[in-house]
Amino acid sequence: MIAKDLTVIDLGGDNWSRLLKLPRELAGERSGEGPRKRVLLVVFEGLKVLKAIDLLDGTAVEVDWMGSWRLDLLARRTGYPVVVALENSALARVCGHAQREMDFRADMLEQWGGYLKGVAREWRRTIFSWPQGPARIPVPSHRMVQAAVSALVPDGTIGLLAITERGRAWASLVLGYSGGDIWLVSSLDAVGMEEADLRDGQLANACDLLAARFGGRVRALAIERDLLLKIASARLPAAEVLWGLNSGEIKTIDYPRRWKALLAGATLLATRLRK
Amino acid sequence: MQWPVGIVLSSGAREKDSKGACPAVDYRIADQRLFIDGAPLSFFSGSFQYWRISDELWAPILDKVKGMGFGIIETYMPWSVHETAPGEFDFGTRDPRKDVSRFLAVCHAAGVKVLARPGPHINAEMTYFGYPERIFADADLLARCADGTHPVLPAPPRMFPLPCYHHPRFQAEVRTYFEALAGSLGGERCLHPSGPVIAIQADNECSKFMRANPFDWDYSDHAVRLYRSWLQSRYGTIDDLNQAYGTRTASWQLIDPPRRMSSASARDLLRMLDWSEFGEHYINESVRSIAAMLRELFGDGVPYFHNYPVTLPVSPLDMTGAEEFLDFQGVDAYPQKTAYHGVRCGVKYTSAMSRLPVMAEFSSGSIYYALPLSLDDQTFTTWSILMHGIRGVNFYMIVERERWYGSPVKRDGGIRSKHYAFFTSLLERVRAWGLEEMTCERPVMLLLNREYDRLANAASLLSPVSLLIQQFTGMFDRPPDRFTSDESYGLAEPVASRYLRMLAFWYWALTASGAHFAMGDTSVSPETLSGYRMVIVPTFEFMDAGVQARLLAFAEAGGTLVLGPRAPSLDGRMNLCDTLARHLREPTKLLGDADLFGVHVDELALYADDDSGPPSMTYAVEVGSGRLVHLGLVAAELCGVADAGPFAPMVDTLTRAAGIEPAFVPSDHSVDVAVWSKGQRLLIFVANPTDSAIETNISHARGGPFVDLETGEAVRGDGTLTLALEPYSIRAIGAGA
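Chains A and B, in that order, are what the protein sequence lines are.
For the first sequence, position 111 matches number 111 in this note's numbering, and the numbering has no gaps at all.
For the second sequence, position 459 matches number 459 in this note's numbering, and the numbering has no gaps at all.
Don't read these hints as lab results, they were simulated from the structure.
Since the model is a prediction, treat every value here as computed from it, not as a measurement.
Keep in mind that the hints are not guaranteed to be accurate.
[Unchecked claim] Below, simulated EDC-like cross-link-like pairs (lysine to aspartate or glutamate); rule was C-alpha separation at most 16 Å, straight line: (1) A:Lys-21 with A:Asp-226; (2) B:Lys-337 with B:Glu-726; (3) A:Lys-251 with A:Asp-181; (4) B:Lys-418 with B:Asp-376; (5) A:Lys-4 with B:Glu-125; (6) A:Lys-230 with A:Asp-155; (7) B:Lys-418 with A:Asp-64; (8) A:Lys-48 with A:Asp-64; (9) A:Lys-48 with B:Glu-125; (10) B:Lys-589 with B:Glu-603; (11) B:Lys-678 with B:Glu-436; (12) A:Lys-4 with B:Glu-133.
[Claimed, not checked] Just a few of them, taken from the derived set where beta-carbon distance is under 7 Å, the chain B residues facing chain A: (13) Thr-127; (14) Met-159; (15) Arg-403; (16) Arg-716.
A virtual CB, placed ideally from N, CA and C, is assigned to each residue, including glycine.
Please take these sequences and the hints and turn them into a complete structure.
Dropping the structure here:
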């Protein structure tokens, strides 16, 4: 899924800064939805509490410990909606599970899967929470994830995501996918178009240049930043996407049908979740 | 004057030179500066990774780097890049970008000096951090966790298991690479003056890969063997060890390291503390063995150095120990402007403890997966480290390459004009203002206690979380003991968490008071200590006898030693020791959960005065020509300068009592001032590390007239300077010629 010799080049200084800050910006658009949940973390050993802290600000909290099976009572008494209780050896045990099965040549997603499996094995043994969550944590196999990605992304794809401001590239991301691996992370800077105007056929031009530079089939999605922020905060994201496709604020080039279906599915799901 | 003036390292190179045996760098380190050929070096360097750039662009890119004012570049020389098969190497015969010898020749021709970093660990955001993949396939070469598994570093794009540096076969593999590299470079011929190399780094960021909790790793056979021999050199005989531990172990071979933190008594705790301290030995021996190999191949006639991945190298990093076999050490930092205090405290420490305090890696641009640094971040943080005492900087990366972005010089030789202009103006200003020749005035030193550091590291919750990771993620900006156990481990109180809180208390209280202070640790030499008027050290139940004696000697020689909350009654081996305690009093009253100056404190000890006055939380005892000041305060969590503001007058009283007159103290607690001087010349840095604009008054008793060095405008004020400071900004004010 992630190539061992992943090529990460020409990200463009300002470009990459903007892109990495974007998730926070998008989350900020939704911050009006309510205060962050406070989480109490309790680290214990047998019947002793070694530390209880408020995870948001790191301050110590005095707790009456009644054991990992009475976190509901602890939550009620302390007023924390979420309580996580970790036996002091929990992280070491999770690491142990992952390390025991780790292959340093394996795909990184598979390697992370090892840690997730470790958490699943320690779930309700040394890791507890309130609300309790599922009885067991399902961990999809790496093969299943890989198959899903391969089904979604045509082999030999160079994907271009361009976020524009009045048609000009504000931030961009180029991903190369081949042989089941993401092998390239780059940006429009790779073809000298870091802040280029992508109107009037220039998006298609950028695709041609990327194809010439990296090979493969370039599939592009360009979206106005304002619209993206609107989608992030809208009650009806699907409507905003539809509007964008019709108004030209969202442009696509050689966009596979399965991606269109995925986009429609995702926005409809988001619309449902927002309601 | 606080610098350890007069510490001079001769390379011995000149002796060799005089015999004509081999070329070598004519160097010495004195007054925290590196002198090459008798002249002080302007230690500003930038990272340039030759194998990632087309060889045709090496020379034009070097010209761009020189254009900013840099005279030095730094480069790794990665093992995995040059090794094509076990024992086979490509140094340019197949791939011209790997022709490191020609790269050095190009640097030499361009008049650019080089800091060489051959690894074996290099990171450089490379897959497997520069180790050849085949090393990990040999399970025998790998370190082991307490549960027998191989510790893994979760770094993209592939996690990998960590090698044991003490395995003889691993060392032999490294030696094979170094021999090939040295052969390619012509050994000592690459050294200045016949070549461009002026210093060599032994390994990189050796810190157990930040998985530095003592109970995480390394429990491999070779590590355990090293542990046993370390214990043997420490205790001498097995009987002495048994006596110290209260055990009945028959032989050294039967000793196993502890695998979890557990202690019911002070004597039990000794075993844990020893294992924690062994981590320092483990790391230093790793670096020492790498440095020894390099010395054999490149000779002794060049400075060898090392770098740490954090600005505050707490246990298991041991800067003092490492300077026994290295010429100097640096720290690394990639901070955003909001991390001001995290960087400041580390720089305060490094600049007081290192022979030549440099930032071996300081951000210029960003790692592809890290939060981006803006030019504002770059500007503010760069001046921050210079303001607090860093004497040299290697900007990593000054030349962009794959898996990196935002450097002033791009891969194709183009420039990012704003960044390029920043570095050009930075170096111009540093040199025009004469900063490199000046010294920072800091009459107070806050000492970290290495024994409590070790305890705090062992008491870190949720292994593999370590003190180092806690520090890395902002030890001084958030409650410092948040991942430290509140267990007492057989002591009278939870020393680990209380120590971290006391350290943070002093840091913030000193900052709020506007006192000019350095930071160090209890391994500091008496010579360095003697450069300070007042030393502050948190003390609890136990404290190494040698450290107690050294601190008492400092006070007896005329210094003021501020200690507390406890008078140590045991030494580091948990035997009775009253070196300091015999001068101190027992409290007459202990108040738990008290309020002091309107701030909650965990405990307050009160001491009756000699003349039967009201009990006080502090008292002073004259010793020799100096004094001990005992403060019976156990602080609660202080997380910032605002929390500590009410304690500022108390610190002010203490410093005045130590004969230190306040100088250049800002009226706003948030504002930070550092004063540099040379003769009558003053350079005053005033920083606003907040996100709000501040107007502050800064009282002063000397100097003037004052000039804003950026604008050249006069700064008015009679006895008080009034300055307006933009958010996250630093102003430089000059006085005297």
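(message) So if I understand the rule, the pair passes when the alpha-carbon distance is 16 Å or less; does A:Lys-21 with A:Asp-226 pass?
(response) Within the cut-off at roughly 15 Å; holds.
(message) Checking one constraint from the list: CA of B:Lys-337 to CA of B:Glu-726, max 16 Å. Satisfied?
(response) Holds, at roughly 13 Å.
(message) Under 7 Å is the threshold here; is the Cβ of B:Arg-716 close enough to any Cβ of chain A for the hint to stand?
(response) Result: violated, 39 Å to nearest chain A Cβ.
(request) Could you grab the alpha-carbon distance between A:Lys-251 and A:Asp-181 and see if it respects the 16 Å cut-off? (result) It is violated: about 26 Å lies between the C-alpha atoms, which goes past 16 Å.
(message) Please verify whether A:Lys-230 and A:Asp-155 have alpha carbons no more than 16 Å apart.
(response) With Cα atoms ~32 Å apart, A:Lys-230 and A:Asp-155 exceed 16 Å; violated.
(message) Using the nearest Cβ pair, does B:Arg-403 come within less than 7 Å of chain A?
(response) 4 Å, holds
(request) With chain A as the partner, please determine if B:Met-159 meets the hint condition of a C-beta pair closer than 7 Å. (result) With a closest approach of 5 Å, the B:Met-159 hint holds.
(request) With a cut-off of 16 Å on the C-alpha distance, tell me whether B:Lys-418 and B:Asp-376 pass. (result) Since the Cα atoms of B:Lys-418 and B:Asp-376 sit roughly 11 Å apart, the hinted pair holds (cutoff 16 Å).
(request) Classify the hint on B:Thr-127 as holds or violated, based on whether any CB of chain A lies nearer than 7 Å to its CB. (result) At 6 Å from the nearest chain A Cβ, B:Thr-127 passes the 7 Å test, so the hint holds.
(message) Run the distance test for B:Lys-418 versus A:Asp-64: straight-line Cα separation, threshold 16 Å.
(response) 56 Å, violated
(request) Assess, step by step, whether the Cα of A:Lys-4 is no farther than 16 Å from the Cα of B:Glu-125, and give holds or violated. (result) 12 Å, holds
(request) Quickly compare the C-alpha distance for A:Lys-48 and A:Asp-64 to 16 Å and report which way the hint goes. (result) 10 Å, holds
In summary, the numbered hints that this structure violates are 3, 6, 7, 9 and 16.
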